[in-house]
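*Asks:* The hints should help you fit chain B onto chain A, whose structure is shown.
Going line by line, the protein sequences match chains A and B.
First residue of the first sequence: 0, per numbering that gives the first Met the number 0; consecutive thereafter.
First residue of the second sequence: 0, per numbering that gives the first Met the number 0; consecutive thereafter.
Keep in mind that the hints were calculated from the coordinates and are not lab data.
Any given hint could be a false lead.
Think about it this way: if two alpha-carbon atoms lie no more than 30 Å apart in a straight line, the pair counts; the simulated BS3-like pairs of lysine-lysine are [stated by the list, open to error]:
| no. | chain 1 | residue 1 | chain 2 | residue 2 |
| --- | --- | --- | --- | --- |
| 1 | A | K149 | A | K134 |
| 2 | B | K67 | A | K59 |
| 3 | A | K158 | A | K141 |
| 4 | A | K134 | B | K45 |
| 5 | A | K72 | B | K86 |
| 6 | B | K86 | A | K143 |
| 7 | B | K44 | A | K143 |
| 8 | B | K44 | A | K59 |
| 9 | A | K72 | B | K44 |
Chain A regions said to be covered by chain B (calculated; three or more residues, Cβ under 8 Å) [unchecked claim]:
| no. | stretch |
| --- | --- |
| 10 | 76 to 87 |
| 11 | 118 to 127 |
Every residue gets a Cβ at the ideal spot worked out from N, C-alpha and C, and that includes glycine.
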Amino acid sequence: MTSASATISGPTVTASNTDGVRLYECMVLLPVNLPQKEDAALVKNIEELFAEKNGKQLYKNEWDRWGLAFAIKGHSEGRYIVYVYELPADAMQEIDASLHLEKNVLRHLLLRIPDGYELIDYPAQFRTWLEERDKEEAKQEKEKEEELKKKIVKRVAKKTVSPIVKKEDPATHEGGADLSEKLEELISDEDLNL
Amino acid sequence: MATSSTPQNMTAPQKRSCPFCGSDRSREGKQKNAHIDYKDYPLLKKFTDYFGNIKKRYYTGVCLFHQKQLREAVERARFMGLLAYRK
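With the rest of the complex left out, here is chain A (with noise of 0.2 Å):
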């Protein structure tokens, strides 16, 4: 796949051999304009109803400032967060509608994952894969930029050129002055019989 991918690679996660229990992933999204109170009594709530239905969590992930792909619920700026949780089987549809209920999230998404799920940070590897793409960037600019600089140079090698040609013209000007005047003296010869 990607060679950030490839590089970056996280542990990974099973479920215990009680019966009954599974592994579940949520993300959650959140607003960045709450006030901070607000916002760590919301992440709270958020993960006691986990709590309530003997929910283990087994790995948390809070995502930087992210810009949305599209405005939601008028906010162009969110805030992820993700858990991986183990949670018994008949927990989830709860946890998913009360979830809904909750005013300030977003949007969350709750899903089953399999036994050896690899937890890999992802913002990480989106800001290696920012970095590399901003380099190639500028490669390709200077590559651009070279090349504009060989034909400009080559340019002003054609242009020293023709100026010599230039010199030359009025010099043929002359000659064809000449040439007029020598016409019309000929013309004007009363010898001539035409």
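*Replies:* Showing chain B alone in chain A's frame:
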């Protein structure tokens, strides 16, 4: 005629292999490298075009098995606001 009408960066469809399977095109190999994550923006970005549509299998060379996974990942990413539905 056919060669003149195809874009220069497009290779012949028969020669391309699935970027997710690589050389291992067996069923086991596919399941081994199966997971395409919806949070992997750089990867999904490659398989969507300027307008945000998922690129056709014909142009990317992805096998049907992984194209279906890719579709699911892109749709999840769109729902979470990571990818655009339409530009």
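*Asks:* Now tell me, hint by hint, if it's right for this structure.
*Replies:* Here is what the structure says about each hint:
1. A/K149 <-> A/K134: 23 Å, holds
2. B/K67 <-> A/K59: 28 Å, holds
3. A/K158 <-> A/K141: Roughly 26 Å between the alpha carbons, so the hint for A/K158 and A/K141 holds.
4. A/K134 <-> B/K45: 18 Å, holds
5. A/K72 <-> B/K86: Judged against 30 Å, a Cα distance of about 18 Å means the pair holds.
6. B/K86 <-> A/K143: 29 Å, holds
7. B/K44 <-> A/K143: 26 Å, holds
8. B/K44 <-> A/K59: OK: B/K44 and A/K59 at ~25 Å, within 30 Å.
9. A/K72 <-> B/K44: With Cα atoms ~24 Å apart, A/K72 and B/K44 stay inside 30 Å; holds.
10. 76 to 87: Check passed, 3 qualifying residues.
11. 118 to 127: holds (count 4)
The structure agrees with every numbered hint stated previously.
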